[in-house]
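Protein chains in written order, with this note's numbering: chain A, 4 to 278; chain B, 95 to 407.
Be a bit skeptical, because a hint or two may be false.
[What the hints assert, rightly or not] So these bits of chain A aren't anywhere near chain B, every CB distance computed over 10 angstroms:
1. Y14
2. H27
3. I38
4. F49
5. T107
6. V120
7. A156
8. V158
9. I194
[Claimed, not checked] A few chain A residues facing chain B, derived, Cβ under 8 angstroms:
10. Q13
11. A121
12. L145
13. I149
[Unchecked claim] Among chain B residues calculated to face chain A with C-beta under 10 angstroms, some are:
14. T140
15. I144
16. K165
17. P167
18. V176
19. P178
20. N181
21. L183
22. Y199
These are calculated hints, taken from the structure and not from any lab test.
The C-beta atom is built at its ideal place from N, Cα and C for all residues, glycine as well.
For reference, the chains in residue letters:
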Amino acid sequence: MTAGGSLRTQYARAFAGLFLRDLHVLRRELFPFVIRVCMNPMLFLFVFTFIMPHMSGGASMNPTAAAMGTNFSTVLLPGLMAVAIMFSGIAAVALPLAQEFGITREIDDRVMCPLPVAAVAIEKIVFSAMQSIIAAAVVFPLAYYIPSTPVVAHVNNWPYLITILVLASVTSGALGLTIGTTVEPKQIGLIFGVVVMPITFLGCVYYPWTALSHIRWLQIGVLVNPIVYMSEGLRSALTPTLPHMHPALILGMLVVFLVLLTWLGSRGFMRRVIG
Amino acid sequence: MIVEIEGLRKVYEGKQRVVAVDGIDLSVSPGVLYGFLGPNGAGKTTTISICTTRALPTAGKVRIAGIDVVKSPSQARRCIGVVPQYNTLDRACTIYENIHFHCLYFGFSQADAKKRTDRLLEQFHLTERAQAYPAQLSGGLAQRVQIARAIAHHPKVLFLDEPSAGLDPQSRIAMWEAVRNLREEGITVVLTTHYMEEADELCDRVAIIDHGRILVEDTPSALKNSVGAQRIYELDLRSEQGIPQLLQTLQRQPGVASVESTQKGLRVFAEGTEGLLSEVVHAANPYGLRDLTITEPSLETVFIRLTGRELRE
Chain A
4 MTAGGSLRTQ
14 YARAFAGLFL
24 RDLHVLRREL
34 FPFVIRVCMN
44 PMLFLFVFTF
54 IMPHMSGGAS
64 MNPTAAAMGT
74 NFSTVLLPGL
84 MAVAIMFSGI
94 AAVALPLAQE
104 FGITREIDDR
114 VMCPLPVAAV
124 AIEKIVFSAM
134 QSIIAAAVVF
144 PLAYYIPSTP
154 VVAHVNNWPY
164 LITILVLASV
174 TSGALGLTIG
184 TTVEPKQIGL
194 IFGVVVMPIT
204 FLGCVYYPWT
214 ALSHIRWLQI
224 GVLVNPIVYM
234 SEGLRSALTP
244 TLPHMHPALI
254 LGMLVVFLVL
264 LTWLGSRGFM
274 RRVIG
Chain B
95 MIVEIEGLRK
105 VYEGKQRVVA
115 VDGIDLSVSP
125 GVLYGFLGPN
135 GAGKTTTISI
145 CTTRALPTAG
155 KVRIAGIDVV
165 KSPSQARRCI
175 GVVPQYNTLD
185 RACTIYENIH
195 FHCLYFGFSQ
205 ADAKKRTDRL
215 LEQFHLTERA
225 QAYPAQLSGG
235 LAQRVQIARA
245 IAHHPKVLFL
255 DEPSAGLDPQ
265 SRIAMWEAVR
275 NLREEGITVV
285 LTTHYMEEAD
295 ELCDRVAIID
305 HGRILVEDTP
315 SALKNSVGAQ
325 RIYELDLRSE
335 QGIPQLLQTL
345 QRQPGVASVE
355 STQKGLRVFA
365 EGTEGLLSEV
375 VHAANPYGLR
385 DLTITEPSLE
395 TVFIRLTGRE
405 LRE
């Protein structure tokens, strides 16, 4: 009854089994998933692109919008997609891992699959990337309906957008894996303050990278933040009219972060599960 | 041999260097129910972790069904089932799904996985709880699900790490029954325990392990026979003063195999089963005999003889 044939079939089937399990659990927890991916972009768009413009003197309370000179929802769209992608990586990999490494050790049965242990970690990244893409796609309709002034998005190059989207999603899964395996399970609550908030606010989410040119040290400093390349990448693909980094630099840096974080994450994973 | 362990060592480097496994050689023949008996911290769990690919040895080799667990861990995993000490059931999935997905991980088709899951649920009397979540199960029931899941992919060897830790006596007996039935299916079982009754009742062969080494390895009855006595009198004396003298007196007594001193008094190993009691009491009375316990040799006695300590210290 067990799988015959080559080693590759054995690995592929085990990998598919793990993916099916995750899909099954996600389908059962669809409602929390929807809340998770919608709440942040919805509230952001609602406050900054609906409430603020309706206030008297809204523009002055919304300095970025004033600085950009264009409508703020257009700046926000790629940024919020980047945050959604990054958030999914944390929520789909880092948080569950903390539980599975910590109290329950549930991960043990999956580690005992007839599959190299690193592949179990890779499956986590791939599954998280799928959630990230869904989360990013959800931002679109929200950005279309919520803001008081419409978003000006224009895709010239679909393959480029898809490449950026997939690359950003997989990288964020790898980021989640690195965080989930580095941080002690009992301190996982801290990562929101220590990691998620800084990389979001300093991730060129709410402003384009070029807008930092007057604060040179910060403009250089944020280059170590992978979220910068996610939001700049989406900005260059979706709203090319706004200033953005060079696409080759974005793609290159996303690949660098993907390789680095996957390596760190799977090394941490191995260290956690193999004594 | 289905499990072969050669010169196995595991050293945890760090602030405090710990030698968890210190040169274990062992082989288990197919179809046997094999027990590692030893106190907590003896290196049983580490040995099992290495055998089941969850820890890497510092030195030595482990082969399961001829497969080297360090060189080809993912191949070795197809031959082994594991029930760890703690409950590792997937909390997000029902009992049915726990077993079903485990089958899928091991390459079963959907139809085969369903068939196998249904059969296992029936075999382990879990059908009624199929839709329950792990958090809703008692310890004994969760343990049964873990065993069912561990053997779902037809492993050749099942490793059980302290299977009765935390179980009530009734669940323990049910678990023993389940484990015995596995042997009838031809699965080799290797378990660790620090309950000597469990090793005695359940296992065909037992290795007594302490400080990362195997002290002795044989069938439970051969181990008990090695004590060379049929009765053990444990004497509790009021003062320690006369102990050496009483020891000499008792040693000369016909029917006494040997005598050794303990913290509270003396331990007398008797060859026969009859007639010695009154003479032991008579001899000990002048030395302030406070209490007397009579036991038959157990694996615990074997352990005490080998280490000078009790198993549950």
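Consistency of the hints with the structure:
Consistency note on A:Y14: stated as away from chain B, yet its beta-carbon is not over 10 angstroms from all of that chain's, at 7 angstroms minimum. Distance check for A:H27 against chain B: the nearest CB is about 7 angstroms away, which does not clear 10 angstroms, and the non-interface claim fails. The Cβ of A:I38 lies farther than 10 angstroms from every Cβ of chain B, with a closest approach of about 17 angstroms, so its non-interface assignment holds. Every CB of chain B lies more than 10 angstroms from the CB of A:F49, the least distance being 32 angstroms, so the non-interface label holds.
For A:T107, the condition that its CB be more than 10 angstroms from all CB atoms of chain B is violated, with the nearest at approximately 6 angstroms. Annotated as non-interface, A:V120 brings its C-beta within 10 angstroms of a C-beta of chain B; the closest such distance is 8 angstroms. Residue-level check passed: A:A156 sits 37 angstroms from the nearest beta carbon of chain B, beyond 10 angstroms. With a closest Cβ-Cβ approach of about 37 angstroms to chain B, A:V158 is found to remain outside the 10 angstroms limit, as its non-interface label requires.
At roughly 21 angstroms from the closest C-beta of chain B, the C-beta of A:I194 stays outside 10 angstroms, upholding its exclusion from the interface. Because the smallest distance between the Cβ of A:Q13 and any Cβ of chain B comes to about 6 angstroms, under 8 angstroms, the interface hint for this residue holds. A hinted interface residue such as A:A121 counts as satisfied when its beta carbon comes closer than 8 angstroms to some beta carbon of chain B; here the least separation is about 11 angstroms, so the hint is violated. Look at A:L145: its Cβ only gets to about 28 angstroms from chain B, farther than 8 angstroms, so that hint breaks.
Contact between A:I149 and chain B, as hinted, is not supported at the beta carbon level, the nearest pair being about 33 angstroms apart and thus beyond 8 angstroms. For B:T140, the suggested interface contact is upheld, since its CB lies about 8 angstroms from the closest CB of chain A, less than 10 angstroms. Below 10 angstroms, beta-carbon pairs count as interface contacts, and B:I144 has one with chain A at about 8 angstroms; its hint therefore holds. For B:K165, the interface hint is violated, since its Cβ never comes within 10 angstroms of a Cβ in chain A; the closest pair sits about 12 angstroms apart.
Given hint, B:P167 at the interface with chain A, holds; its Cβ is 8 angstroms from that chain's nearest Cβ, closer than 10 angstroms. Of the supplied interface hints, the one on B:V176 holds, with its beta-carbon coming within about 6 angstroms of a beta-carbon of chain A, less than 10 angstroms. Nearest Cβ of chain A to the Cβ of B:P178: about 6 angstroms, under the 10 angstroms cut. The hint holds. Of the supplied interface hints, the one on B:N181 holds, with its beta-carbon coming within about 7 angstroms of a beta-carbon of chain A, less than 10 angstroms.
The restraint placing B:L183 at the interface with chain A holds, with a minimum CB-CB distance near 7 angstroms, inside the 10 angstroms limit. Of the supplied interface hints, the one on B:Y199 holds, with its beta-carbon coming within about 4 angstroms of a beta-carbon of chain A, less than 10 angstroms.
The structure does not agree with the numbered hints 1, 2, 5, 6, 11, 12, 13, 16 stated previously, though it agrees with the rest.
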